[in-house]
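Visitor: This is what each chain is made of:
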Amino acid sequence: MGTRERVLWIVAGIAIVIYALFPVGWIVSLSLKSSADIANGQFLPTSLSWENYSQILVGDAAELFLPALRNSFGIVLISTFIACVLSMFAAYAIARLDFRGKRLILSTALAVAIFPVISIVTPLYNLWRQIGLYDTWPGLIIPYLSLTLPLSIWTMSAFFREIPWEMEQAAQVDGATSWQAFRKVIVPLATPGVFTTAILAFFIAWNDFAYGISLTSTGAARPVPAALGLFSGASQFESPNGPIAAAAVIVTIPVVVLVLIFQRRIVAGLTNGAVKG
Amino acid sequence: MTTTERTGTGGATPASPAGPGTSDKARSEQRLGWMLAGPAFVIMLLVTAYPIAQAVYYSLFNYRLTDPDNISFVGLNNYAVILTDQIWWTSFGVTVFITVVTVAVELVLGFALALVMMNALKAIRPVLRAAILIPYAVITVVSAFAWQYAFSLDSGFVNSWFSWLPGVAVDTDWFGGTWSSLFVICLAEIWKTTPFISLLLLAGLAQVPDVLQEAARVDGASWWQRMWKVTIPNMKAAIMVALLFRTLDAFRVFDTVFVMTGGAENTETVSFLAYRQTIARLEIGLGSAVSVLLFLSVVVICVGFIKGFKVDLSQARGEK
Numbered sequence: 001m002g003t004r005e006r007v008l009w010i011v012a013g014i015a016i017v018i019y020a021l022f023p024v025g026w027i028v029s030l031s032l033k034s035s036a037d038i039a040n041g042q043f044l045p046t047s048l049s050w051e052n053y054s055q056i057l058v059g060d061a062a063e064l065f066l067p068a069l070r071n072s073f074g075i076v077l078i079s080t081f082i083a084c085v086l087s088m089f090a091a092y093a094i095a096r097l098d099f100r101g102k103r104l105i106l107s108t109a110l111a112v113a114i115f116p117v118i119s120i121v122t123p124l125y126n127l128w129r130q131i132g133l134y135d136t137w138p139g140l141i142i143p144y145l146s147l148t149l150p151l152s153i154w155t156m157s158a159f160f161r162e163i164p165w166e167m168e169q170a171a172q173v174d175g176a177t178s179w180q181a182f183r184k185v186i187v188p189l190a191t192p193g194v195f196t197t198a199i200l201a202f203f204i205a206w207n208d209f210a211y212g213i214s215l216t217s218t219g220a221a222r223p224v225p226a227a228l229g230l231f232s233g234a235s236q237f238e239s240p241n242g243p244i245a246a247a248a249v250i251v252t253i254p255v256v257v258l259v260l261i262f263q264r265r266i267v268a269g270l271t272n273g274a275v276k277g
Numbered sequence: 001m002t003t004t005e006r007t008g009t010g011g012a013t014p015a016s017p018a019g020p021g022t023s024d025k026a027r028s029e030q031r032l033g034w035m036l037a038g039p040a041f042v043i044m045l046l047v048t049a050y051p052i053a054q055a056v057y058y059s060l061f062n063y064r065l066t067d068p069d070n071i072s073f074v075g076l077n078n079y080a081v082i083l084t085d086q087i088w089w090t091s092f093g094v095t096v097f098i099t100v101v102t103v104a105v106e107l108v109l110g111f112a113l114a115l116v117m118m119n120a121l122k123a124i125r126p127v128l129r130a131a132i133l134i135p136y137a138v139i140t141v142v143s144a145f146a147w148q149y150a151f152s153l154d155s156g157f158v159n160s161w162f163s164w165l166p167g168v169a170v171d172t173d174w175f176g177g178t179w180s181s182l183f184v185i186c187l188a189e190i191w192k193t194t195p196f197i198s199l200l201l202l203a204g205l206a207q208v209p210d211v212l213q214e215a216a217r218v219d220g221a222s223w224w225q226r227m228w229k230v231t232i233p234n235m236k237a238a239i240m241v242a243l244l245f246r247t248l249d250a251f252r253v254f255d256t257v258f259v260m261t262g263g264a265e266n267t268e269t270v271s272f273l274a275y276r277q278t279i280a281r282l283e284i285g286l287g288s289a290v291s292v293l294l295f296l297s298v299v300v301i302c303v304g305f306i307k308g309f310k311v312d313l314s315q316a317r318g319e320k
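These protein sequences, in sequence, are chains A and B. All letters in the first sequence, in the order written, are residues 1 to 277 by UniProt numbering. All letters in the second sequence, in the order written, are residues 1 to 320 by UniProt numbering.
Simulated from the structure, these hints should not be mistaken for laboratory data. Predicted model, so just to flag it, every value in this text is computed and none were measured. Note that the Cβ used here is the ideal one computed from N, Cα and C, for glycine as well. Hints are not guaranteed to be accurate.
Unchecked claim - Result set (DMTMM-like, lysine to aspartate or glutamate): computed pairs, CA atoms no more than 25 Å apart in a straight line:
1) B:K25 - A:E168
2) B:K229 - B:D249
3) B:K25 - A:E162
4) A:K184 - A:E162
To be verified - Covered stretches of chain B (in silico footprint by chain A; criterion: 3 or more residues with CB under 8 Å from a CB of chain A, positions within the stretch not fixed):
5) 67-77
6) 147-156
7) 252-258
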């Protein structure tokens, strides 16, 4: 690679980093502006202020934001966990066993993944009200499975197919019991795949807006994205921009931390499930 | 998967010659397979098939939640009402517009990003990968707010930064008109979802054999020729998958519109219309009909893609 070409690719790389981080930088900057500064028409605040953060963590907006944060964590973690356990069994069966209906299961997962969420929300809204699941945690956990299960089944079976299952028999030949063989050989090989799937499922559920806004009505179950979406409507504050920006930064932190720690695996998971299968 | 099923040793498929003793094994494998995979399968059906069936059912009734005692069967009347209403066609047009614009831009931009990541020096590749994952991981609502605030009159910096452009002034109200609102909505969508396309294309790029590239180079093919004759044809599957999934996704756009305009200025999308009819106006019958129409549109897109581009989804997704 010539020097000129090398410089070109470096410049292009920097452009990518700016492209990816600019809006994030802007929302962080906005969250640090004082109310006097919000309308300064500039990217950066003239002086740093924690006003917005204190408003959503201990101030007026805390009763809106904090329950939503708790709901989001609880609901998303539970539905991620359920999706992972169920799809782990399914993926094991798909990768390991020969049975009729594998194709049916995988195509169903694909079909569920392309369902428009709003088309499901409409009837669920009605049904949930009738059976008392409206505005409850299970009322969101169940529909979140429609988001997390298909993706989990696809990515996990992709991972599981790569596992050299013969190694288990080899270990047994070497004198290990079948449980030992499974535990010592297969589990360590399968863990990264399960883990990656869990992170992707977490992202998807954490991102949901349509279910959150349609199937909840109070702080009892409303997750953060939905609470943020409604912040703007409520004219409780003079200008909600600052507090919303601060809340936006707070909900972004967990996902950014996950991305930074597990970036290699996340890319593997995304492309495995989708392109390499 | 296809091949495993055909050449698998378990003999689960009736066609395969089952040796002595294998049929018991095959039967127990069959049972175990469904025991393990069944729960996930049943849940997926319950959370989607049942609600859709319900939506189809309710779409045939005049049913308002504000007036629950007056449910009456109206047949296909709800569909007739919707399909003859300008509101449906406006929202349909807006949805198609957003889908076409964002997917087209994302494909080109995503490909460019993938090329840069492919060619970047080894040392900065992890940095690029981490950076590009950030928009993917940021929740759509947050991204929508970020872009809205950047363009809004009371908090934005865009107007003061770009006032040198013709048509942009300090007091340009981006959310005061259909096209300018759609422009910002598309920007936000493009920023948020290009990484997805880009990573899929990167995986596709990585699968193009180096030997072919080398051979073309030796034959004196220019960069463009290599790109069109070698690289792109070899990553067709990845491109199709990326296109299909992004198109389906873009057609369901909801969050961004909700946050940015709330459907004002004729920016309502089909998803938003379904939401507004059911959840905001409590018109279960009409709302269900919109949901069913949205669902059908998505199915048509999917079938169109598979037929038109001859993608075997299972192959494209690389089932082994």
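Visitor: Is the straight-line distance between the alpha-carbon of K25 (chain B) and that of E168 (chain A) 25 Å or less?
Guide: 18 Å, holds
Visitor: K229 (chain B) and D249 (chain B): Cα distance at most 25 Å?
Guide: 30 Å, violated
Visitor: Has the region 67-77 of chain B got at least three residues whose CB is nearer than 8 Å to a CB belonging to chain A?
Guide: Violated, because only 0 residues of the region 67-77 of chain B bring their Cβ atoms closer than 8 Å to Cβ atoms of chain A.
Visitor: Straight-line Cα separation of K184 (chain A) and E162 (chain A) no greater than 25 Å?
Guide: 17 Å, holds
Visitor: Holds or violated: K25 (chain B) and E162 (chain A), Cα atoms, limit 25 Å.
Guide: 24 Å, holds
Visitor: Against chain A, does the region 147-156 of chain B show at least 3 residues with beta-carbon separation below 8 Å?
Guide: Satisfied; 7 residues make the cut.
Visitor: Between the region 252-258 of chain B and chain A, are there enough contacts, at least three residues with CB-CB distance under 8 Å, for the coverage claim to hold?
Guide: holds (count 4)
Of the numbered hints given earlier, the model fails hints 2, 5; all others are met.
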